[in-house]
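Enquirer: Respectively, the protein sequence lines represent chains F and A. Residue numbers for the first sequence follow the numbering used here, beginning at 1 and rising by one. Residue numbers for the second sequence follow the numbering used here, beginning at 1 and rising by one.
Keep in mind that the hints were calculated from the coordinates and are not lab data. Worth double-checking, as some hints may not be accurate.
Which stretches of chain F does chain A cover? Using the computed rule of at least three CB atoms under 8 Å from a CB of chain A, they are [said to hold, decoys possible]:
hint, stretch
1, 16 to 30
2, 90 to 100
Using 30 Å as the maximum straight-line C-alpha spacing, the simulated BS3-like pairs for lysine-lysine come out as follows [to be verified]:
hint, chain 1, residue 1, chain 2, residue 2
3, A, K70, F, K27
4, F, K44, F, K71
5, A, K56, F, K27
6, A, K59, F, K27
7, A, K59, A, K70
8, F, K51, F, K27
9, A, K70, A, K56
10, A, K57, A, K70
11, F, K51, F, K62
12, A, K57, A, K113
13, F, K27, F, K44
14, A, K113, F, K27
15, F, K71, F, K51
16, A, K113, A, K59
17, F, K44, F, K62
18, F, K27, A, K57
19, A, K56, A, K113
20, F, K44, A, K70
Where a beta carbon is used, it is the ideal one built from N, C-alpha and C, also for glycine.
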Amino acid sequence: NAGVMQNPRHLVRRRGQEARLRCSPMKGHSHVYWYRQLPEEGLKFMVYLQKENIIDESGMPKERFSAEFPKEGPSILRIQQVVRGDSAAYFCASSPPAREETQYFGPGTRLLVL
Amino acid sequence: TQLLEQSPQFLSIQEGENLTVYCNSSSVFSSLQWYRQEPGEGPVLLVTVVTGGEVKKLKRLTFQFGDARKDSSLHITAAQPGDTGLYLCAESIHGSSNTGKLIFGQGTTLQVKP
Numbered sequence: 001n002a003g004v005m006q007n008p009r010h011l012v013r014r015r016g017q018e019a020r021l022r023c024s025p026m027k028g029h030s031h032v033y034w035y036r037q038l039p040e041e042g043l044k045f046m047v048y049l050q051k052e053n054i055i056d057e058s059g060m061p062k063e064r065f066s067a068e069f070p071k072e073g074p075s076i077l078r079i080q081q082v083v084r085g086d087s088a089a090y091f092c093a094s095s096p097p098a099r100e101e102t103q104y105f106g107p108g109t110r111l112l113v114l
Numbered sequence: 001t002q003l004l005e006q007s008p009q010f011l012s013i014q015e016g017e018n019l020t021v022y023c024n025s026s027s028v029f030s031s032l033q034w035y036r037q038e039p040g041e042g043p044v045l046l047v048t049v050v051t052g053g054e055v056k057k058l059k060r061l062t063f064q065f066g067d068a069r070k071d072s073s074l075h076i077t078a079a080q081p082g083d084t085g086l087y088l089c090a091e092s093i094h095g096s097s098n099t100g101k102l103i104f105g106q107g108t109t110l111q112v113k114p
């Protein structure tokens, strides 16, 4: 049973470009969470999604960031017009239904904005 | 706002020594998770504790949940270089929208020297 998969593992963008981060949850998991880990900071919650629904986006910046989890395909975290402060490791986690506290993390995408 | 404090922040020990790291909360945990994260990788779930006073063992790792469910400890016996990493505690937050987002502590960075 494959774990949570994220791609790309590393992403380099110039200021003003768009970044798209993908996450495929573990098989059988219908809940997806995105977290961000800034240098020298802890993991911070961004958004929680179920298929085709955003459940909680309280940790997502109000501008430039969006997330989706379509009926088919991976979850996407999209950052428009990236700035240097967006450089961080972005982690996706998934959990089985009714077990939100049991989250399994992917290897992360390291975003570097030049 | 829930606040998780982990101590110590850094720990460097010799192979074979024992150690304990702590996680404390400003309020009662609903459930607590311990993760280990290695450089360049995502956090790996070690254990979930739910019941006050609960003790769980995972090989040389012993996890304890305080009776009042406001603190937890992780004890490692006879540490090995492979135990090196960032140890994170996290609490699952259940709000009115039943979100299961995790709130993480800042972590304890453990280095075990051969």
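Enquirer: Each hint should be assessed against the structure and marked as holding or not.
Expert: Comparing the hints with the structure gives:
1. Counting residues of the stretch 16 to 30 of chain F whose C-beta sits closer than 8 Å to any C-beta of chain A gives 0, which falls short of three, so the coverage hint is violated.
2. A stretch counts as covered by a chain when three or more of its residues have a beta carbon under 8 Å from one of that chain; for the stretch 90 to 100 of chain F and chain A the count is 4, and the coverage holds.
3. In summary, the hint linking K70/A to K27/F is not supported, as the alpha carbons are separated by about 33 Å, beyond the 30 Å threshold.
4. Between K44/F and K71/F the alpha-carbon distance is near 26 Å, which keeps this suggested pair within the 30 Å criterion.
5. For the given pair, K56/A sits about 27 Å from K27/F by alpha-carbon distance, which is consistent with the 30 Å threshold.
6. Annotation: proposed proximity of K59/A to K27/F holds, straight-line Cα distance about 27 Å (limit 30 Å).
7. At roughly 25 Å between alpha-carbon atoms, K59/A and K70/A fall within 30 Å of each other, so this suggested pair holds.
8. Of the pairs offered as hints, the one joining K51/F and K27/F holds, with about 13 Å between alpha carbons and a cut-off of 30 Å not exceeded.
9. Our distance criterion of 30 Å between C-alpha atoms is met by K70/A and K56/A, whose separation comes to about 17 Å.
10. Between K57/A and K70/A the alpha-carbon distance is near 20 Å, which keeps this suggested pair within the 30 Å criterion.
11. The suggested pairing of K51/F with K62/F holds, with an alpha-carbon distance near 21 Å, which does not exceed 30 Å.
12. Distance restraint check for K57/A and K113/A: the Cα-Cα separation of roughly 23 Å lies within the 30 Å cut-off, and the hinted pair is therefore satisfied.
13. Taking the CA atoms of K27/F and K44/F, the gap is near 24 Å; set against the 30 Å cutoff, the hint holds.
14. For the hint pairing K113/A with K27/F, the CA-to-CA distance comes to about 38 Å; that exceeds 30 Å, so the pair is violated.
15. As the CA atoms of K71/F and K51/F are separated by approximately 6 Å, the hinted pair is consistent with the 30 Å bound.
16. Between the alpha carbons of K113/A and K59/A the distance comes to roughly 20 Å, so the proposed pair stays at or under 30 Å and holds.
17. Distance check on the hinted pair: K44/F and K62/F sit about 15 Å apart at the alpha-carbon level, within 30 Å; holds.
18. The straight-line distance between the Cα atoms of K27/F and K57/A is roughly 27 Å, inside the 30 Å bound, and the hint therefore holds.
19. The straight-line distance between the Cα atoms of K56/A and K113/A is roughly 26 Å, inside the 30 Å bound, and the hint therefore holds.
20. For a cut-off of 30 Å, the pair hint linking K44/F to K70/A stands: about 21 Å separates their Cα positions.
Checked against the numbered hints above, the structure breaks hints 1, 3 and 14 and satisfies the rest.
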